[in-house]
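Undergrad: As a plain string of letters, each chain reads:
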Amino acid sequence: MSLLKAEGVSKLFGGLKAVSNFDMYVNKGELVGLIGPNGAGKTTAFNLLTGVYQPTTGTIDFDDKSLLAMKPYQITQRGIARTFQNIRLFSELSVLDNVKIAYHFHVQYGLFESVFRVGRYFKEEAEIEAKAIEFLKIFKLDDKKDEIAKNLPYGAQRRLEIARALAAQPKLLLLDEPAAGMNPQETQELMTMIRWIREEFGLTILLIEHDMSLVMGICERIYVLEYGSIIASGVPADIKNNPEVIRAYLGSEVE
Amino acid sequence: MNLSRIKDIKIIALSIVGFAIIQLLLTENIIGSFWELNIILIGINIIMSVSLNLINGYTGQFSLGHAGFMAVGAYVSAILTVKFQMPFLVGLIGGAAGAGTLGFLIGLPTLRLQGDYLAIATLGLGEIIRICILNISYVGGASGFMGIPRYTNFAWTFFIVLFSIFFIKNFVNSSHGRACIAIRENEIAAEAMGVDTTKYKVMAFTIGAAFAGVAGGLFAHYFYIAHPASFTFMASFNYLTMVVMGGLGSITGSIVGAVILTFISAALASWPEFRMIIYSLALILLMFYRPQGLFGNIELTDLKIFKRFKGGRK
Amino acid sequence: MDFSSFSEQLIQQLINGVSLGSIYALIALGYTMVYGIIKLINFAHGDIYMVGAYIGFFATSMLHLPVLPALIISMVVTGLLGMLIERLAYRPLRHAPKVSVLITAIGVSLFLEYTSMFFVSPQPRTFPNVMESVTYHMGPFVVNSQQILILVITTILMVILTYIVQKTKIGKAMRAVSFDTETAQLMGIDANRVISITFGIGSALAAAGGVLVGVYYNSIDPLMGIMPGLKAFIAAVLGGIGIIPGAMAGGVILGVIESLVSGFLSSTFRDAAAFAILILVLLFKPSGLFGKNTREKV
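Protein chains in written order, with the UniProt record's numbering: chain A, 1 to 255; chain B, 1 to 314; chain C, 1 to 298.
Incorrect hints may appear among the rest.
Okay, derived cross-link-like pairs now, DSS-like style, lysine-lysine, Cα gap no bigger than 27 Å in a straight line [to be verified]:
no., chain 1, residue 1, chain 2, residue 2
1, A, K65, A, K171
2, A, K17, C, K292
3, A, K150, C, K285
4, C, K98, B, K199
5, A, K171, B, K199
6, C, K292, C, K39
7, B, K199, A, K71
8, B, K83, A, K131
9, A, K150, A, K137
10, A, K145, B, K83
11, A, K71, C, K285
12, B, K83, A, K123
13, A, K145, A, K71
14, C, K169, A, K150
15, A, K145, B, K7
16, C, K98, C, K285
17, C, K167, A, K71
18, A, K131, B, K169
19, C, K39, C, K167
20, A, K131, B, K199
21, A, K171, A, K137
22, A, K123, B, K7
23, A, K145, A, K28
24, A, K150, B, K169
A few chain C residues facing chain B, derived, Cβ under 10 Å [to be verified]:
no., residue
25, F43
26, P69
27, R87
28, A89
29, A96
30, P97
31, L110
32, F111
33, L112
34, Y114
35, T115
36, V120
37, M131
38, T135
39, I277
Calculated directly from the structure, the hints in this document are not laboratory data.
Note that the Cβ used here is the ideal one computed from N, Cα and C, for glycine as well.
Let the sequences and hints guide you as you build the complete structure.
TA: As structure tokens, then:
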């Protein structure tokens, strides 16, 4: 059964078609890749799925409910969390606080309880802290929990962003170019980590990459986007030999 | 009992000791009426700067119209106590409710704006509030609302200041406050983490406005009068200066900023012709040498010395 | 009011509005140019205009100069003052947080106001009668020589400014720096010099506005810059901040609206009308009448 399903989605910016007639589905538990050359519309597609943009036409369903007209925070509360191509941490806050914010919409206590520190306030704050530290341990960031996020090395910032997205307890995780700026060894480690978190949390993952080797290595199914349209989809082996895909990639490289 | 609650109780106990000492000095007339006035002004300014810090420093929404909300609180509370003979507390709560409601109504459409645009819109709204009051003859129009009884004294001011500080401190240290801080840090990421950014921006703005309303109520009931000229955008600048001077995102900073600026202003009162020149130069120099404010975003209670002083527990 | 007297008054208010609006436009240009280039709302700009008015006042009353030489002297001196302020107060903060620069601008504004007050006293001064006030009747409408002077001077200055920005080397450099400061610097443009000249030109234009206001209203005082400064900023936002023709149009539109409000409603709501326009523009077209909408890339 498909967890996420987009049908006939198009997005116009002025007269420019950034994404056109975009069809895709992601089944529960799958690890799917969305690839394509630079400027193919991958991030726009992500922004459509997460409510940053509203599609001009088409439908997007998640968990059998439409995501149209929903704001990004509502979509996150429904169970889709994401990372960003250009890392977007809460850069002046501590590593721990970055993760704590992801629990925000799970918090039960109200304004009165927080201001007067009564009722569930202390109990829930303690729970949040414990859970956040647990997540940081998984990502080997617990020893850095009091550091300011912007002072972390690049790779650790990427890990923190993924940890923060997972802390929101999503059903579907969207990763926007998680390997951007990483060296081959770091990319290798990242692949292992993505595989592992999928097993550990029973997650469904959709990731964007323009680096073919990473996607071929871990994704079960791949969509290829060019000029805003899907030109091919299937298992990695098929995609590798698809003449359209080769043309799209080689064509763009020859330029 | 929770450690942070113990810390709170210690601070409250310490504050009450401080209150008793100052109150004693006031009743024994060791502190004269000039400094009594300034102590109360410091209290009112602390409420203004701490509440503005919630909006500007913690939520990152640049507001330049805080004096407008103070005006609403001053006038609403004065209407309640003078025209309806309500008790002072009802007047203050009414002032807070009036300013908070207006903050909510204004915040909802304007908080879509960002940065300089929001700053200039709030400045404009603050001025519109003032000009509207200027044209309402029911509250005295351009000559001001006169004949307000003096209900505000040191005790009222002190305990309302304490309440305001704890209210806002506890708010920013809760999940709601973290949502506001997340908006300041990165609005798009906050939204992606499930934070309803509009809701929290409006919430911070409303709470800030309500406290400005309380400060306005105290102000009007100390000076016997509420006058539109007390609530110009220059007054809003003055509160912003206190916040920036202390450090955006530090409650300790806002308190210190309010104390220092009120104090400088009072100390220079005998040289009226130099007062504003020195004040403006001090402002410029401060921004040169400490653009992040005196405290940055650090609280006094975060400092190591303070922790040791308190017994070094963690 | 019957129709013909209504339309007469309408046109009369339009004439007054355009004169007032021209002055707003002169001040608004400085705001918009400075904002366009360093993204600073220069709150001291209204006070620069005040200083310009005072220099014009001293040039006419003490040196007994006619209005045009006084205008030019005021523009040159105030322009240099603007450059000096930029050099001393804003340049050291080029990389500081925005709010610190804004507070500094407020500091500079207070400094100019109260230092002037110290030297020239807080009392308003009466501007000498530098030109014969002739009233021209064109049918039922009245235009006086001061209004004609304002219109002529403003038009000439705007033509000169447009020429400088569009055709000269420094104008191209200004546009380049405002578009992308870093790239402009990589292309060999001395950004500091360009910013300094921008402050100079903006301040000179404000000074011209100050002198013209002195001639028009006859009265000047050290706090005269506060409201027109804000109004000019509104005019700049109305036209689209950072856009030079926008500031010109915004100034005139704002002047006309204010005159209509004071003519047909009540002068007490004149300022409120200006701020209401500001809020409406910000809510419905924050990029202004001449601006393009942009949004942050995710």
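Undergrad: Minimum Cβ distance from A96(C) to chain B below 10 Å?
TA: Since the shortest Cβ distance to chain B is 4 Å, the answer is holds.
Undergrad: Taking 27 Å as the top limit, are the C-alpha atoms of K98(C) and K285(C) close enough?
TA: Distance of about 23 Å is within 27 Å: holds.
Undergrad: Would the hint linking K83(B) and K131(A) be met if the CA-CA limit is 27 Å?
TA: 55 Å, violated
Undergrad: Hey, K145(A) versus K71(A), does the alpha-carbon distance stay inside 27 Å?
TA: 31 Å, violated
Undergrad: Would the pair K171(A) and K199(B) pass a check requiring their Cα atoms to be no farther apart than 27 Å?
TA: 25 Å, holds
Undergrad: Checking hints one by one. Is P97(C) an interface residue toward chain B, by the C-beta closer than 10 Å rule?
TA: Holds - the Cβ of P97(C) comes within 10 Å of chain B, reaching about 6 Å at its closest.
Undergrad: Within 27 Å, alpha carbon to alpha carbon, are K71(A) and K285(C)?
TA: With a Cα-Cα distance of about 22 Å, the restraint between K71(A) and K285(C) holds, given a limit of 27 Å.
Undergrad: How about F111(C): closest beta carbon in chain B under 10 Å, or not?
TA: Since chain B brings a Cβ to about 4 Å from F111(C), closer than 10 Å, the hint holds.
Undergrad: Is K17(A) close enough to K292(C), meaning Cα to Cα at most 27 Å?
TA: 20 Å, holds
Undergrad: Given the proposed pairing of K65(A) with K171(A), does the C-alpha separation stay at or below 27 Å?
TA: 14 Å, holds
Undergrad: Hinted pair, alpha-carbon criterion (27 Å max): K123(A), K7(B). Please report holds or violated.
TA: 17 Å, holds
Undergrad: So, as I understand it, the hint says R87(C) touches chain B; can you test that by seeing if any CB pair is closer than 10 Å?
TA: 13 Å, violated
The structure fails to meet hints 3, 8, 10, 12, 13, 14, 17, 23, 26, 27, 36, 37 and 38 from the earlier list, while all remaining hints are met.
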